[in-house]
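Protein chains: 2
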Amino acid sequence: MSVDFNTVATEFCNFYYQQFDSDRTQLGNLYRDQSMLTFETSQLQGAKDIVEKLVSLPFSKVSHRVSTLDAQPASPNGDILVMVTGELLIDEEQNAQRYSQVFHLIPDGSSYYVFNDIFRLNYS
Amino acid sequence: MSVDFNTVATEFCNFYYQQFDSDRTQLGNLYRDQSMLTFETSQLQGAKDIVEKLVSLPFSKVSHRVSTLDAQPASPNGDILVMVTGELLIDEEQNAQRYSQVFHLIPDGSSYYVFNDIFRLNYS
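Protein chains in written order, with full-length UniProt numbering: chain D, 1 to 124; chain C, 1 to 124.
Note that these hints are calculated values from the structure, not bench results. None of the values given here were measured: they were computed from a predicted structure. Just so you know, not all the hints are guaranteed correct.
[Stated by the list, open to error] Taking CB as the label site, the calculated pair distances span: (1) C/G46 x D/S56: 40 to 46 Å; (2) D/D108 x C/N95: 43 to 49 Å; (3) C/S60 x D/F59: 20 to 26 Å; (4) D/S22 x C/V55: 44 to 50 Å; (5) D/D4 x C/V66: 28 to 34 Å; (6) C/V55 x D/D91: 18 to 24 Å; (7) C/N95 x D/S63: 24 to 30 Å; (8) D/S111 x C/Q19: 26 to 32 Å; (9) D/G46 x C/T10: 37 to 43 Å; (10) C/S110 x D/R32: 27 to 33 Å; (11) C/F15 x D/S22: 38 to 44 Å; (12) D/Q45 x C/E11: 20 to 26 Å; (13) C/D21 x D/Y123: 21 to 27 Å.
[What the hints assert, rightly or not] On the chain C side, residues computed to face chain D include the following (Cβ under 10 Å): (14) L37; (15) T38; (16) D70; (17) Q72; (18) A74; (19) L81; (20) Q94; (21) R98; (22) Q101; (23) H104; (24) D117; (25) I118; (26) R120; (27) N122.
C-beta atoms are modelled at their ideal positions from N, C-alpha and C, and glycine is treated no differently.
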């Protein structure tokens with residue numbers, strides 16, 4: 001049974017941000033050795049380096065709120081492209097920061113991993 | 001001679017936004033029949049429908065200003081993923097609107113076409 005790409009994208013992002021906000025040390029399962037992360041001006045490759053970067057971010061409490069989520073099929077092999085815009089609430093700060101993020105998901109058996117991940121805060 | 005993906009991404013976006021801002025009826029050359037555009041809540045497929053949508057947008061004068069541009073290789077075949085955040089100045093409005101956009105570029109001979117295009121305004 002093939003699953004709709006919008007459903008996959010939504011379920012992936014729900015899981016990803018829930019995991020990020022509760023325990024981001026566990027995000028490594030979603031990346032592979034060839035995966036890439038651009039986080040602001042940092043560029044990382046491989047699950048190990050990517051998770052080290054995410055874990056090292058200078059906040060302990062974080063909460064993602066998704067504002068828009070748009071997905072498209074990205075290849076004949078079932079790849080999915082997702083663009084998210086949303087808000088990030090960090091530690092005890094009152095003002096959320098807006099962000100944009102894109103994920104390129106590649107099917108892997110019954111699941112998907114993140115091949116490309118680009119994250120940027122949106123400063124006004 | 002292989003060209004760096006960052007250079008391709010930057011040159012593509014320069015060309016794309018310059019063309020968009022000067023004469024968006026000509027953007028069709030950058031899309032193919034299988035190309036997809038998500039523009040806010042609209043979803044289009046194919047160069048013809050995509051350009052019709054872009055041309056129908058309710059403004060005559062528009063100017064894109066890129067704030068951040070990040071690129072990554074997206075496949076072993078030379079695909080490139082680009083995420084742009086920037087500002088849009090429309091007609092005689094004084095206040096720019098922030099936007100996020102992602103392009104998935106696929107090599108085609110010595111050039112590239114847009115396979116995926118997702119555009120969203122960032123409301124605060």
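Going through the hints against the structure:
no.: 1; hint: C/G46 x D/S56: 40 to 46 Å; in the structure: holds, 44 Å
no.: 2; hint: D/D108 x C/N95: 43 to 49 Å; in the structure: holds, 44 Å
no.: 3; hint: C/S60 x D/F59: 20 to 26 Å; in the structure: violated, 44 Å
no.: 4; hint: D/S22 x C/V55: 44 to 50 Å; in the structure: holds, 46 Å
no.: 5; hint: D/D4 x C/V66: 28 to 34 Å; in the structure: holds, 33 Å
no.: 6; hint: C/V55 x D/D91: 18 to 24 Å; in the structure: violated, 46 Å
no.: 7; hint: C/N95 x D/S63: 24 to 30 Å; in the structure: holds, 29 Å
no.: 8; hint: D/S111 x C/Q19: 26 to 32 Å; in the structure: violated, 39 Å
no.: 9; hint: D/G46 x C/T10: 37 to 43 Å; in the structure: violated, 25 Å
no.: 10; hint: C/S110 x D/R32: 27 to 33 Å; in the structure: holds, 31 Å
no.: 11; hint: C/F15 x D/S22: 38 to 44 Å; in the structure: holds, 43 Å
no.: 12; hint: D/Q45 x C/E11: 20 to 26 Å; in the structure: holds, 24 Å
no.: 13; hint: C/D21 x D/Y123: 21 to 27 Å; in the structure: holds, 23 Å
no.: 14; hint: L37; in the structure: holds, 9 Å
no.: 15; hint: T38; in the structure: holds, 5 Å
no.: 16; hint: D70; in the structure: holds, 5 Å
no.: 17; hint: Q72; in the structure: holds, 5 Å
no.: 18; hint: A74; in the structure: holds, 6 Å
no.: 19; hint: L81; in the structure: holds, 5 Å
no.: 20; hint: Q94; in the structure: violated, 15 Å
no.: 21; hint: R98; in the structure: holds, 6 Å
no.: 22; hint: Q101; in the structure: holds, 8 Å
no.: 23; hint: H104; in the structure: holds, 6 Å
no.: 24; hint: D117; in the structure: holds, 8 Å
no.: 25; hint: I118; in the structure: holds, 4 Å
no.: 26; hint: R120; in the structure: holds, 5 Å
no.: 27; hint: N122; in the structure: holds, 5 Å
Of the numbered hints stated above, those contradicted by the structure are hints 3, 6, 8, 9, 20, listed in ascending order.
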